[in-house]
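Chain by chain, the residues run as shown.
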Amino acid sequence: MQAGENSRRRFLKGCAAAGGVAVAAGAVSTSVEARETRSRPAEALGLLYDATLCVGCKACVAACKTANKNPAEFSTLDKLWDTPLDTTGHTFNLIKMYRNGTMETKDAETNGYAFMKTSCMHCADPSCVSACPVSAMTKDPVTGVVGYEASACIGCRYCVAACPFGIPKYQYDSPTGQIGKCELCRHRYKDGNYSACAEVCPTGATLYGKTSDLLAEAKRRLALKPGSVTVYPRGNISGGKDQSYEGYVGTYKQHVYGETEYGGTQVLKLSAVEFEKVGMPNLPPEAAAAHSETIQHTLYGGMLMPIAVLGAMTFIAKRNVHHEDASDAVQPDASKEEA
Amino acid sequence: MAHSHNTSHGAPAPVGGNLMNAATTVSAVLIAVMLAVLITRFIFGLGAVTNLNDGYPWGIWVVVDVVIGSAFACGGFSVAMLVYIFNKGQYHPIVRPALLASLFGYTLAGVGVIFDLGRWWNFWHIFWPGYANPNSVMFEVAVCISAYIVVMWLEFSPAFLEKWGKHETKKKLNKVLFFLVALGTVLPMMHQSSLGTLLVVMGVQINPLWQTQFLPLIFLLSAIAIGYGVVLFESCIASSAYRRTIETHLLDPMAKIMLGVLACFLIVRFGDLLVRGALVEAFKPTFIALSFWVENLCFVAPFLLVGSATARRNPAKLFLAGVAIMLGGIFLRINGFLIGYDTGPGWTYFPSVPELLVTIGMFAIEILGYIIITRRFPVLPREADHAFSARS
Numbered sequence: 007m008q009a010g011e012n013s014r015r016r017f018l019k020g021c022a023a024a025g026g027v028a029v030a031a032g033a034v035s036t037s038v039e040a041r042e043t044r045s046r047p048a049e050a051l052g053l054l055y056d057a058t059l060c061v062g063c064k065a066c067v068a069a070c071k072t073a074n075k076n077p078a079e080f081s082t083l084d085k086l087w088d089t090p091l092d093t094t095g096h097t098f099n100l101i102k103m104y105r106n107g108t109m110e111t112k113d114a115e116t117n118g119y120a121f122m123k124t125s126c127m128h129c130a131d132p133s134c135v136s137a138c139p140v141s142a143m144t145k146d147p148v149t150g151v152v153g154y155e156a157s158a159c160i161g162c163r164y165c166v167a168a169c170p171f172g173i174p175k176y177q178y179d180s181p182t183g184q185i186g187k188c189e190l191c192r193h194r195y196k197d198g199n200y201s202a203c204a205e206v207c208p209t210g211a212t213l214y215g216k217t218s219d220l221l222a223e224a225k226r227r228l229a230l231k232p233g234s235v236t237v238y239p240r241g242n243i244s245g246g247k248d249q250s251y252e253g254y255v256g257t258y259k260q261h262v263y264g265e266t267e268y269g270g271t272q273v274l275k276l277s278a279v280e281f282e283k284v285g286m287p288n289l290p291p292e293a294a295a296a297h298s299e300t301i302q303h304t305l306y307g308g309m310l311m312p313i314a315v316l317g318a319m320t321f322i323a324k325r326n327v328h329h330e331d332a333s334d335a336v337q338p339d340a341s342k343e344e345a
Numbered sequence: 042m043a044h045s046h047n048t049s050h051g052a053p054a055p056v057g058g059n060l061m062n063a064a065t066t067v068s069a070v071l072i073a074v075m076l077a078v079l080i081t082r083f084i085f086g087l088g089a090v091t092n093l094n095d096g097y098p099w100g101i102w103v104v105v106d107v108v109i110g111s112a113f114a115c116g117g118f119s120v121a122m123l124v125y126i127f128n129k130g131q132y133h134p135i136v137r138p139a140l141l142a143s144l145f146g147y148t149l150a151g152v153g154v155i156f157d158l159g160r161w162w163n164f165w166h167i168f169w170p171g172y173a174n175p176n177s178v179m180f181e182v183a184v185c186i187s188a189y190i191v192v193m194w195l196e197f198s199p200a201f202l203e204k205w206g207k208h209e210t211k212k213k214l215n216k217v218l219f220f221l222v223a224l225g226t227v228l229p230m231m232h233q234s235s236l237g238t239l240l241v242v243m244g245v246q247i248n249p250l251w252q253t254q255f256l257p258l259i260f261l262l263s264a265i266a267i268g269y270g271v272v273l274f275e276s277c278i279a280s281s282a283y284r285r286t287i288e289t290h291l292l293d294p295m296a297k298i299m300l301g302v303l304a305c306f307l308i309v310r311f312g313d314l315l316v317r318g319a320l321v322e323a324f325k326p327t328f329i330a331l332s333f334w335v336e337n338l339c340f341v342a343p344f345l346l347v348g349s350a351t352a353r354r355n356p357a358k359l360f361l362a363g364v365a366i367m368l369g370g371i372f373l374r375i376n377g378f379l380i381g382y383d384t385g386p387g388w389t390y391f392p393s394v395p396e397l398l399v400t401i402g403m404f405a406i407e408i409l410g411y412i413i414i415t416r417r418f419p420v421l422p423r424e425a426d427h428a429f430s431a432r433s
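Top to bottom, those sequences are chains R and D.
So the number in my numbering is just where the residue sits in the first sequence, counting from 1, plus 6.
So the number in my numbering is just where the residue sits in the second sequence, counting from 1, plus 41.
Because the hints were derived from the structure by calculation, they are not lab data.
One should not assume that every hint holds.
[Said to hold, decoys possible] Straight-line C-alpha distance at most 30 Å; calculated DSSO-like pairs for lysine-lysine:
#1 R:Lys324 to D:Lys297
#2 R:Lys64 to R:Lys259
#3 D:Lys204 to R:Lys324
[What the hints assert, rightly or not] Rough simulated footprint, nothing fancy, chain R against chain D, three-plus residues with beta-carbon under 8 Å:
#4 122-134
#5 240-251
#6 398-411
For each residue, glycine too, the CB sits at the ideal point set by N, CA and C.
Could you put the whole structure together from the sequences, leaning on the hints where they help?
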């Protein structure tokens, strides 16, 4: 063994070399810019859900099942009809109910009730797309629709864990389970159809169209006087036949949910009850995907840092390993006796 | 590893002895039970045997078998860094046993992932251009761990080559060994940090006590410290089980290095919590806060146990310090991935019995493999030489 002093000097030299590499690698990495939160594409498609217009008929839930060929799910003993309690791998859209006290008044926070649609928000900067290791989750560059491709998916469920809205769901009941989520009925566009939930909504509570049009419509409603009368479009706000009707203006919270959350979503929501109380999380304007990819690209952008560190480690290891190889040659191989 | 020995150290030699004993029999039974559960899982799906749900899509097969399992497998990485990067040649006798444990830990973590993948037959997509998504932290983790498993088998192969008398092959391998060693330090740095980064994209669902941009550094530092802790643990167990001399002359200074890494870890960990103002969460009357304090008590305990030079010569205290840091690593990871993960009201998760049986079976494979290989292949330092080197 080497003398203590020599060994210590070598150790310190090793430390100095490793430190130098870290500094150099850090200098390289600072040139990589932070990944900003993305915004919606110009032609982004989406939905506007206005909880004050929703009557809880669940026609959208049934239409979604048919459009996506999903089986009924039961939560009651008699199993008479589709009664899912949450979105699942087989239920992509659900109307949930807020209840308080006597439940006398619709859209009242106390002693009232209210509805809320649960389905994919089609984020401008989706966590699921960033998380997916095999590009099974995709964001269409034109429509911005967040789609899923089962044939690419490895079933790791990182998308399920990543989504702040709890939207991608996995089919645990199958050995070949897939992820199930709303894809804004993108498979129905070629036949001239649009999102089934908006097609069937009798009150226009769920409205389909370009998110830019939907955002303008949402802001128009927030500017109206509660209780006054206005015209509500139904179906597709960005085209198709006029199905509008006159109705009363609700007592909205002055907040278009999805305008800025996580960089904005393509599905927007209006409500008379606090959004957190109806199950919509309070989210910052920066997307988690941007934070995650900033780290990822800072460390691995162009593989500069790993290659720099690997180069330095190879240099140091070559010196140190070589030294011990020599001693290997001096002594006869001990394992021969057992072999 | 490749250099079977140094002039002053005990050369690695098989321990020998009978392979049929209580430990191997129990391990074999546990492995058989695990296989039965896995057959059910592959025929009927994940829901048939696990308590996984859409609120907790990742259970112990991911968090324990992969995230914690691979952190426990950092002994090889941590010791190899000491020997080959910082040129501390005196630790050479423990490189091979540490690497063996790492090899098992990582290989099983890699295999364990397959059990958890819902669409496992597509696994190759991760490595395939066109499918692979370099923005995904999971992509980085998967590619990096796979590469490291290959590198470690090559690093460890001299043990097999010696046994089978393939000295020419061993010589050739020795020529490129320095590069394998370099890869073997860089790859774990990459994926052990990324295992922490995995949480970042989960955003506000992770409690502020664990959600930070410093997750990669926190996970990396903890993994290195755990690596030394695991070596303390394993050395004590191996010495006791095989009735061998304990390598206190190596474990004492290594424990000191471990405390140094652990101190860096705690400075980063609490510095980050203070700067972000997240520490208030730790003083709320919640189970999450309690779990946070248990985690950090485990990380502080080694200072109390082996802080003094006298204590570091006490094998029992070295063992306990190793156990404490391993527990800290378990809590950090379970807290981040499960206890501090809140996906909304109504969701709960606790592993099912079959899920636990698979995780237990994985550890049984590790124990069985360790016994078979150390008894039949040259891994642990030869006892007589070793005793001599301890005196010198």
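May I ask which of the numbered hints given earlier this structure violates, with the numbers listed in increasing order? 6
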